Amino acid sequence: MPSEYAESERPALDTLRQLGWEVVDQQRVVWHDPRETESSAVLEPRLRAAVERLNPWINENNLNKAVREIQQVAGTSTMDENEQIHEKLVRHTSVKQDLGHGLKHQTVKYIDYENPESNDFFALNQFRVEGAIEVIKPDIVLFVNGIPLGVVECKAPTIAEPRSEALEQLQRYQNERTETGKEGAEELFRYNQFSVAAWYEGAMMGTYGTPKGQYKPWRDPYPLEDGDIADLLGVDYVSPQHRMLYALFDPDRLLDQLRHYTVFETKQSGPVKLVARYQQYRAVEKALGRIEHRSRREAQGGVVWHTQGSGKSLTMLFLGLKLRRAKPDPTLLLVTDRTALDDQIHATFERCGFPNPKKAEDIDDLREKLKTNAGETITTLIQKFQLHEDEEGDFPVLSRDDDIYVMVDEAHRTQYKKLANNMRTALPNAYYVGFTGTPIEKDEKNTRRTFGNYIDTYTIDQSLEDDTTVEILYQGRLADIHLEGANLDRIFDRVFQDWTDEEKAEIQKRYAQERDLAEAEARIEEVTLDIVEHFENEIARPFKGMVVTTSKRAAIRYKKKLDALNGPESRVVISHGHNDPEEVKEWAPSDTELSKYKEEFVDPNGEVELLVVCDMLLTGFDAPVAQVMYLDKPLREHNLLQAIARVNRPFPEKNHGLIVDYYGISDDLKTALAMFSDDDVKHAMVPLSDKKPELEAAHRKAVSFFDDIEDMEACLQTLEPEDTRIEFKNAYKRFSQLMDIVLPDPMANPYKSDLDRLSEIYARAKQRYRDDSMNLEGCGEKVRELIQKHIRSKGIDVLNDDPVSIMDEGEFGAKIDSLEDDEARASEMRHAVKHEISVRFDEDPVQYGSLQERVEELIEKYKQKRMSDREIIEELRKVLDEMRSRDQQARSKGLADETELSFYHALEDVLETEDRTVEQETLVDLTGDIVAEVEEVASVVEWQQKVSLQQKLRKKVKLRLIQADVSMSNSERTQLTTRIVELARAHYKP
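The opening position of the sequence shown corresponds to residue 1 in our numbering, with each subsequent residue numbered one higher.
Hints in this document: simulated from the structure, not taken from any laboratory. Treat the hints loosely; a few may be bogus.
[As the list claims (entries may be wrong)] In silico lysine to any residue, SDA-like type, Cα no more than 20 Å apart, as pairs: (1) 322 x 253; (2) 893 x 921; (3) 701 x 724; (4) 729 x 158.
This structure is a prediction, so every number in the text was calculated from the model and none was measured.
When you get a sec, could you build the whole thing from the sequences and use the hints?
The following block contains the structure:
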């Protein structure tokens, strides 16, 4: 049997102890809970002691005030409270106190960041916290000075879906599973810095509010390597769990990340907490290391290449936060070359609470700010580093300070031309860090000459491996009207084939150029019709798309055609140009309209399904719900890589992004990306046709488990061993994912009927074996809908529904009778009975434990062919009869109901020994007395969450056992008390 405790939880506690944490393992020692109520998540005595130790001058009154303040933060939501608490932990709080110079505000620290060893690091397993409905019990909670900053949920690596189960548990604790209501305890997460899912051979990290699909691994323990961690922890093998626990919970690193690598972004729905991923942390630390060792002989800077979608803007923000702390009074200059990027960077810094970033409004304003505003954070466009028309000569020197740090976004573009030279002239001693989301050109001559060598790289392949981005596939459509590198006369004849020669001659005068032809009404109409058909038939809801056009006029034409064809709800997003004609200007959205369009597009439930653009939103626009880009524009090199990245953001059930190419760029992708090294961009876009071998292999693997997929019962019998079921589930999901990617392309046709049959086998196996891990998670939205429709058509309950309960004699009997033979009936009953015993075990461990052993013996005999199908069915019916008749068993002993029977069995199990017999009447009376004591305490609302009431119950039960007419030892009395309290929890839930 897999053991979560032995295989993950206990090793995690050992790791934390090696990292310097005080650890209490409640599996091995008794921990005395200091809280008055389990509705609190703070260990107040430890908090009080830490505040007093870190602020030795504080008086009793102010000590009480500071301890209360951090716990009584009130906000509009748990996330709002988390943000306020983070602010107090990082920036401290203040109280009024006279330290000999009159009554003044004095700073009170909750955490000492300068001296980490002065803090109290305490880790505890199975820490109970009261929620609105249930008590949660995370595997490990980590406290700094009594404040719960970390939660780790552990799973055995050998179970079917350790990652999914651990993440699901974390979502449940945080009340993030919206369909199941308030089942968790958000009180614990008001303070949360890191939430971790760990299963020894894997680990994923997030924070409070991180969606399940956005938890990520921590692959690089920089600046250490795995060998260093092995030495530090005294282990031979460094597992992903070791690496994660070191990366997040090494005391120095934890405090550093709490202080410098955590921000809150304000969105329309409220604040969102963001913590650094490993590549962001590594890049910032490497940049700081290079800054510390800057040398006049080397380039004053370097380049960070983190692929599109991996959080580049946040990396800049984290570097800014650390520079602000590390340097006395640094000036930070954030440079981009596009207004949209300038706005985005400025807004990101502002939304994340960065101290007062200032935007340079024009050339003179930038010069003024750099001359006089030392210590400020300034955002600007590179274009503002230019001379006025009436100026001659070189650009003026604005500051010779060497504590100016210039961060240049998208450093591959204009920055190494004349404007970059002006910037260098203006700030000769500044330190320059270039950030780019696309690789540096293979000849290296431009960007590296300007900024220096790579500081850090996070490649497309690494991003795909981490699920930070999804794979981008491309598909050329309407190939006969592709314009890239085509014979324009041939395309012209194809587009205008229904016109007369005279008309064609007249039109050709107007459509002489490639771009003109791209914008021809007839061609746009043909492409738009294809877009509508593709989007409606091949893109599953709630996914959305973008149409990329050659010009503003073309965008407007596409929008009009989409509307005329009653296509998906769309909006045009084009910029305002002073020289644009009125018929173009009227389509350009205002700032308010643009904001609304973007919000309605990004929202999966928003009405906007397509955005029609020409240049806007092709960089810096983050819309995870966007899956498809309809490309009718000649993009190349960096511009192409940036544009296609709009569809590479992960979203639930999104297995890929898709580029549908109408212009013909994909006809010669190698040329379009020729400036890059093949290794850097080989997986930037993958042709859909490349998926054919993968699909064939995945299909072969999925059907290989069975001799004949038409023989349902034989297939189900094949899947009885759990390890075979796990293998089949993984193979089936991979096959489903690829079908989701490929459908409705004809290459999927040979496999559609097998997908239907395998889905039916999968659904019936889930029911037969009560295997909750057999869900459709990750199969992809398109295929998911097809699978569920097919399963329903076969009369199978939807995959998420519970199977028929064996306690319902009529319904379960009908289900058994409907099966085709005794072998199928025996299989169904074996797994149904095992499942029900497991579910009900805590209600009466004595009786259900006995039944569990009996069933295991029966199954073993059956497997050894010592019992026939008919014989095991009859024996299992007897087990079922015993489970269904517990009320009758209770009344036959003189007990009130099956609840009393459970307590009776616990007493009997401990008190009936070879040397001692107890009269049944005595046990019945004692049971009644014990249950009365339990019910008196359990009648109080939320009794399970109140430590004082549970302690009261233990005392009452122990006293009743002392007064009983049965002699028993102290250890027996303690054992019985514990068992009775656990039974009370199982039977008297709120």
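Results of checking the hints against the structure:
1. 322 x 253: 13 Å, holds
2. 893 x 921: 8 Å, holds
3. 701 x 724: 13 Å, holds
4. 729 x 158: 15 Å, holds
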